Amino acid sequence: MLAKLFRSSTKKKTVTFRVVNCVTSLVLMMAIFSVSCSSQKEPVKIGAILSLTGPGFYLQEFRNGMEMAADDINRTGGINGHKIELIVEDSKTTPEGGKAAFQKLEKEHNPLFYVVNMSSIAMATRDMAEEAKVPLIAAPTAAKNLLSGKEWIFRYWVTAQDETPPITNILNKLNVNRLGVIYLDDPYGKSLFQQLEEDSSGKNRSIIGVSFPSNTKDFETQIKEVQETDAIYIGGFASHISMILTQIRATGYSGHLLATSGAADTSARKNPAFEGVYLASPMIYNQAYPYTKELSEKYTSAYHLPLSHYAATGYDIVKLVAGLLSGQELSRENVKKLLEQGYNFPGSMGDIRVVPGSHEINFQLYPAQIRQEKIHFLSNTL
Amino acid sequence: MRIRYKILTGYALIMLLFFAMIFLSLEQGKRSLLTSATQNSAMIADSILMKTAHNIQKRLDEFSWYGLDSDLQQALLVSNTHFAALADHDRYIAERDEEWRQTPLQTSTPLMTEITTSALSHDLRRKFFTFFELNYGYLGFSEIFVTNSYGVNIAQTNRTSDYLQADEEWWQRARKDGQYLGGVEYDESSGIQGLTIAVRLDDHNGDFLGVIKGVLPLQSLIRTAEIVTREYQTTEIQMITDAGILLYSSKVAQLGKNIAAEPYFLKIKEDSGYFIDQNSSGRSRLFTYIRSEGLLNSKQLNWIVMISHDPEEILTHSILFEKKILLGGIAAILLATIIAFYTARIIANPLTRLKQAAASIANGNLECQIKQASRDEIGDLAQTFNDMAVSLSESYQKMHLEIEERKKAETALAVHAQELAVIGDDLARRNSELDEFTYVASHDLQEPLRKLTSFSGLLVKDAGDALPENARKDLNFIIDAATRMQALIQDLLALSRSGRKEMTNLPISLDLCVDDALYALAVRIEEIDAVIRRDSLPQVIGDKTMLTQLYQNLIGNALKFTGEQRPLIHLSAEIHGEKVVLGVRDNGIGIKAEYCDRIFLPFKRLHGMAEYPGSGIGLAICRKVVERHGSEILVESEPGQGTLFSFTLTRAS
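Chains as they are written, first to last, in the numbering used here: chain A, 1 to 382; chain B, 1 to 653.
Mixed in with the good hints, there may be bad ones.
[Claimed, not checked] Chain A is nowhere near these chain B residues, computed Cβ spacing over 10 Å in every case: (1) D97; (2) W171; (3) Y232; (4) E313; (5) L351; (6) A441; (7) L459; (8) S572; (9) T648.
[As the list claims (entries may be wrong)] Chain B stretches covered by chain A per the calculated footprint, using a threshold of three residues with CB under 8 Å from any CB of chain A: (10) 219–227; (11) 248–254.
By construction, these hints were calculated from the structure, which means they are not laboratory data. From a predicted model like this one, the values you see are computed outputs, not experimental measurements. The C-beta atom is built at its ideal place from N, Cα and C for all residues, glycine as well.
This is chain A alone, in the form it adopts within the complex (with noise of 0.2 Å):
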């Protein structure tokens, strides 16, 4: 009778306890649950197809600004709960790499968006995108045809359009009538070319254009052909801009030196050739502009590097399409309508509008002069 009676107090007592241990463990398992339920969300994968070797790898600080973005968002929760996955691809400034990083980046991430850098990239991996049905956002890219007959292609970027006003502005200052021009051999350098042609038709302004292919490093021959003329105007990379200025003062040119946007670079401004070049510069540059003070504080303090247009640009990019997609949903087709409704963006580069419909997504130049190194800007209404 005792003995049974031990063996039911046992039995109470084994079920006490695995009721004990089963409370404990679901309050271990709950509280564990909570604290890593916090990142259980799918995150929202971005396609990125960078230049970060070849003639484009100073776009590396583009990548900086996407990264910094996506990181800041990630911060606060991402896109509606969703972290940002930035998947960087180099295309090695090539179309073949471009395409290559493209195919890869669909076949093994499937990104929401994609962001491309440079024209000829931009170019070659915009069928692929409009066939795979996903936006493509291109910056840095001018190249002029780049949107035609294009449905989920966007560019954000200045065109030749807004590359050229600011440079003929300074023309008409600078009373240029004989202008060389040397560009890259690729849509973007063609368009700034065939823009300046436009822009000075009914003007008394003989314009004397050269191409150059992306790979070359000897521009003697193009410098030859646009020597006689009253001021040269160089359409390409910082890289090629760099070198074809080393060149012209090699030669003793004595004619104004202008050069595309891409002379802002911050490391390119460092080269002595470029002291007295005028260009087009973007306002991040601007020491009293303020949308951008916090942005390059900020991004000096994580990168060690002064801010450039590049770098605000790749973070503007993150930032717009996370905000477009706040509160919505997150598929290719929703930023694709959402980067078409129109809206104003108050982007690290000025206030951006875009208009309903419009795929470009463009900030303004102003005409500037590098002097020691720094980007002085001039009057607009010269």
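Please build the complex by placing chain B on the supplied structure of chain A, with the hints as guidance.
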């Protein structure tokens, strides 16, 4: 519940309580943070409203200041003079206005080109456009133009829609009131929302010269007012009209959109306040708003500044801390559980060993000892237990020996009892045989004795006179001896019968027994004038004949051994429950203490036959009767003080 589980549960409860208090504190801290954020936001919103008003006022002041510019005054004076000189300036203006309005937007008339490229127009762009763009990177104005006192354009930064402005409200109000501040207007061509300001221009004498009008781009106007170092990444600053038109957003937005139906806008009820709302994806936002009562006293500028943040960002550190606390808590609980487990083991294991040792002792292993591992109270308890076990073992050994001895004694007693029983049986058999013999002997002796006395009496009767004197004396001796022997045998037979007689155990009245006894003794009582006192005697269980014999013998004894005093006999009865103690007390000669045991033996006499006749068998019969009633007869006596015989009987219910 076992001690270890109690300890574990106790630890768990303490930890849970501890963390519950921490989390309550954190919750309070979160509320404080949110409240603080709304207060900061309210201050920033107020500051934005003030800065916006300041920016507008600054532009108005710039116009007023520019109105003093000598080139401007000169240009206006020239233009006004020119128009004054016209014969029909109204017609002149009307014709040009008509031509102006009819000209497509993409083309320009000579008048337009003249005005747009005039030195004054360049001056306007340089001072009001370029300055802001190059110095600050934003537009101070989106459009500026100047009219003369006749209301026609004399300078402009962009092409205007009309040549004549005098019919416009802003022109008339500026002329009349000195300045004009309009409402928000959306310019479709530029796609921007603007705020129209206009200032009357006078000469040094205060005479009206014209009006300068500017359109302030709202996005730049408000953005420059709200540029602050943001504390939170998720902060969004919005400026909304009280009708719900979105004027500005610090994030990407469709400016000019009517958001009056948005849930968060519908929550704006007061002049200021805050609330939490959720967007369509379920993310919460903390909104703080302030409604202006009309910037620069303009009822058209009843704007609302709304600042919102993601509460999670405000609480980032708090949430992070909370997670750390939670992880720390889990670690602490696990650690506490391990500590509690080992503590419980440290406490419970010795107790378990103690319990097992106690069980072992209970099972008879008195040599069991606990290994003493600690020097604390539990160690002391173990030592005490060991001492107790040793003591118990010793006590058990002693007890065991005592039990063994007692068992031996009991065995011996049983043997003795058996022997006594045999002896008792033997004695009983012998008594029985003796009684049988006594009865048979006394019965069988009576006949010869009767014959002896009869024939002796016949002999005396027949030959008494013939017998010699001596022979006759001898014969009388024989008759006397035979008679005494006959009496002796009678008594012996009575004693034998008292032990052999079949007795009845029935309720009887002792009074009746005593009455019969006294009746039998009445002659003697009367003869010696004895006094008999008697208590009320109860009914008892017994044999009436025997008890009557008992009382007769005892009272008879008292009547026999009288002293010098008048004989007094008291028959007492004391009831003790179911029993009654009965007594027969006299005031006779008494008995010496050393003879008290002997008086109940048959034929024992303390006096000579001549002094007190009798066979000495009466008290032996009394003892036999009392013993057969399950009691014993006692005697208390002192010489000269009388005697008390007492015995106990069972009362009849």
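Comparing the hints with the structure gives:
1. For B:D97, the shortest C-beta to C-beta distance to chain A comes to about 27 Å, beyond the 10 Å cut-off, and the non-interface label holds.
2. Distance to chain A confirms B:W171 as a non-interface residue, since its nearest Cβ pair spans about 26 Å, more than 10 Å.
3. Not every beta carbon of chain A lies more than 10 Å from that of B:Y232, the smallest distance being close to 7 Å; the non-interface claim is violated.
4. Not every CB of chain A lies more than 10 Å from the CB of B:E313, the least distance being 4 Å, so the non-interface label is violated.
5. The claim that B:L351 is not at the interface with chain A holds, since no C-beta of that chain comes within 10 Å of its own (minimum 15 Å).
6. For B:A441, the non-interface assignment is confirmed: its Cβ lies about 69 Å from the closest Cβ of chain A, beyond the 10 Å cut-off.
7. At roughly 94 Å from the closest C-beta of chain A, the C-beta of B:L459 stays outside 10 Å, upholding its exclusion from the interface.
8. Every CB of chain A is more than 10 Å from the CB of B:S572 (nearest about 59 Å), matching its label as outside the interface.
9. Residue-level check passed: B:T648 sits 49 Å from the nearest beta carbon of chain A, beyond 10 Å.
10. As drawn, the stretch 219–227 of chain B meets chain A at 5 residues by the rule of a beta-carbon pair under 8 Å; at three or more, the given contact holds.
11. Proximity of the stretch 248–254 of chain B to chain A, defined as three or more residues with a beta carbon under 8 Å from a beta carbon of that chain, is established by the 6 residues found.
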